[in-house]
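Line by line, the protein sequences give chains C, A and Y.
Note that the working numbering has the first sequence beginning at 771, numbered continuously upward.
Note that the working numbering has the second sequence beginning at 8, numbered continuously upward.
Note that the working numbering has the third sequence beginning at 15, numbered continuously upward.
For the record, the hints were derived by calculation from the structure and aren't laboratory data.
Hints are supplied without guarantee of correctness; some may be wrong.
[What the hints assert, rightly or not] In silico contact screen, one side only, chain C against chain A (beta carbon under 7 angstroms); selected entries: (1) L1003; (2) M1100; (3) I1103.
The beta-carbon is built from N, C-alpha and C at its ideal position, and this holds for glycine as well.
Residues per chain are reported as follows:
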Amino acid sequence: MQARHESPARPHVEDHGHGRHEPGFLGRYVFSTDHKTIGIQYAVTSLCFLMFGFTLMMLMRWQLAYPGQPLPLIGSWFGEARMPGGVMTPDFYNELGAMHGTIMVFLGVVPLGVGGFGNYVLPLQIGAKDMAFPRLNMMSYQFFFVGGVLMLATFLLPGGAAQSGWTSYSPLANINPGQTGWIVAMVFIITSSLLGAINFIVTTIQLRTTGMSFWRFPFFVWAQFVTSFLLLLAFPPLEVGAFLQLMDRLAGSSFFLPSGLVISGAPLNVAGGGNPLLWQHLFWFLAHPEVYVLILPAMGIVAEVIANNTRKPIWGYTAMVYSIIFLGFMSFIVWAHHMFMTGMGSAIAAFFQTTTMIISVPSVVVLTALFLSLWGGSIRYTTPMLFALAFLPMFGIGGLTGLPLGLTSSDIHLHDTYYVIGHFHYVVAPGTVMAFFAGIYYWFPKATGRTMNETLGKLHFWLTFLCMNGVFLPMFWIGLAGVSRRLYDGGASYAHGQHVLWLNGVSSWSAWIMGAAQIFFIVNFFWSIRGGKTVDKNPWKATTLEWEAPSPPPHGNFLHDPVVYRGPYDYSPRGYHADFRPQAQEA
Amino acid sequence: MSDTHAARAAHDPAEIDRHVRTYIMVFATLMVLTLVTVAVSYLHLEIHEAVAIALLIATVKASLVALFFMHLVSERQVVLSILALTGFFAVALLLLPVVTNLDHITTADMPVGATAGAHSSESAHH
Amino acid sequence: MSQELIPYITEARPDTGLTNGKIGIWCFLASEVMLFGAFFASYIVLRTTATEWPHGSSILNVPLATVNTIVLITSSVTMVMAWASLMRNDFGKYRMFLGATVLLGFCFLGIKYVEYSAKFEHHLLPSTNNFLAIYFIMTGLHGLHVIGGMITNAYFLVAAPSYWDHDRALLGHRVEYSGLFWHFVDLVWIFLFPILYLL
């Protein structure tokens, strides 16, 4: 309990020799150990990566909508090697696809949801002054940054970037150029998330303020807590896979190379005896929990925004918390449902089909609780609330379309078609990304002391919402018609897919319009930092602890140590003078 | 005053002496078990027995290290919970080889896989 | 870091009874369990689906590895003795035992070097077969862990006097964390030894 009573800004304790003065520019913005600065660093960096990854996809969408036609205007920017005459080569298409997936998942959504929102909001919501290990926190960002830059830099290497999809299946990934850089960058990113996860777990357990018991956590904190365990325990198997693949590529081992492999008519000169399925197991052992790493922070944000804007407590808070804990457990024993078609056998497929059906239950519980929370509320349709509301049906569509993929018999038809792409994008893009936008609009006043512009925000919302569906809804029809994903020509050579190919154009144009619509967000974001309406520390009239701190919170966060007296969502309490009673309000 | 293991022990020399005696006993046991496991390997047992014995000895040794050197025997609830969780997921991880081999195990007419691997490692002895 | 901001660095939080670092190091070890667990799982998959797999002792040097096992277990004991000496406020013995731990680490790496060079001399490489490949990656990664543990232990040997003068409690905690990592490295080797060399 030492030093609780001291003012946080007072330089009292020496930091191993060098006394603490006001930090300079580098100390404040680049090598900061303050969780809020690191959170913003994470958020801004990952938003840039998201935009970059989205740009790669907008390029691909040209090839899908107009296969073989030269890309107008900017086609000549990419060089004769990659786009001779403005038409992208199949190799370049593969690079774009692999890097789009990698960047969106590992450099965009996870760092934004965990590194960005988690770092900024979690310590504030539990009443902590900082993360438990601030220097590790800084290193976590630095590893992420270096890994991200390395990942983008692989485009400039002689072999180009990775071309084997974000899943990097061996043996294809063993022989494609560019994969080595992908692996090295991934090791940096994995290290980053390991450091982050340890920090989150220790902070949540140890740095809760007085009165903040686990059952008084806002749902967002629970979501981050469960996510951290998934990151901590699911990433190492992928790291092992990465090491083994690196050995295959650099030391000539054959972990993932079976005997008698023939490539382009020539037998591969390796010892052989390896097992290509092993890569898929190691990969999906990470990547299924990773799906929940993508979605849980989003659920957390949506719960916060919905409680605040319906002005009533979350319905079924306890059930939601138990659901996501159960979800965390189950997420480790469903991975092979990504591998039904690998010939791994029907007995084990039945097992994973069953666990997959079971894991859909807690997601439905969370979604139902959030829907029911709307019932009878006096809803404020603010921009964050619109995004949060859009999350519900979008995530619902994404989740429910996953069920046919989790059943082995229907998966035979749907596997590796555009239906799969539609399904998981509905979870991650219209789902998670919409929730993240909600979070940005919601916590922007905390980070800057100003609100974002509502008109621009609503314009951004409606365009994004409509275009999101324009991009991904057609994919279900394309996929049901049997068009395979990862086709360079978008299915133009498929006789049975001809009647749905026009939908590729709908999808592409929606993507480009959505890309343009983000200008409203970018302008709003930067303009509001200086020009937004100044607000007090609690503009949304919210109950959770982050709103007790000044906006923006100073180093050390709170002016007085907050003490928590009640649960997180005491909205519209009976017989109280206001329609919200903050957690730190004395009884 | 705090009551962590370390701090508690620091104020009680008798407890530390007791610790040290335990360490030396554990050390002796580990040495004996190491020699036993090497000795057993020279008996050239059948592969299933050899695996069972070697893993049993290794598990006992690892448990001794974890319980006494790493003080798990007197560790706090939070750490034990985190480790129990990890144990669950580590078991899930060991499903991985089962998953790759289950159909070979349950189906008698499968020629390759688990059985082939076991045979070859068995024949390597002779 | 600024202790004014972060409590429970040297004192335990009353309700959990733990310091931050203790939970931190155990979380790290939990992820290490999954790392090596995945290696062991991969080993089993590779071995059971391979058409041929050599017996470890027909390629590897069992006597050397036995000596190495003994070296590593001994270093675990000296590590824990170093911590116990610190708890008894016996600084001289602390340095002696921790120094011995680092030296035994060098000893382990030296023997490993002899083993590796013998393999390279006979052109037994990761590309030879998957048994050697997994032998090299598992022992290699374990070796990196040994080096990591040695570096932290060496740091607590060199920096100990200044800790001793300023913050003895902190030194006690940090040596304990470093020890936990070192014992874990030992624990991994206890499994690696029979799996790679004896079976």
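Hints and how they fare:
Interface hint at C:L1003: satisfied, since its Cβ lies 5 angstroms from the closest Cβ of chain A, which is below the 7 angstroms cut-off. Interface hint at C:M1100: violated, since its Cβ lies 10 angstroms from the closest Cβ of chain A, which is beyond the 7 angstroms cut-off. Interface restraint check: C:I1103 against chain A, minimum CB-CB distance 5 angstroms, threshold 7 angstroms, status holds.
Checked against the numbered hints given earlier, the structure breaks only hint 2 and satisfies all the rest.
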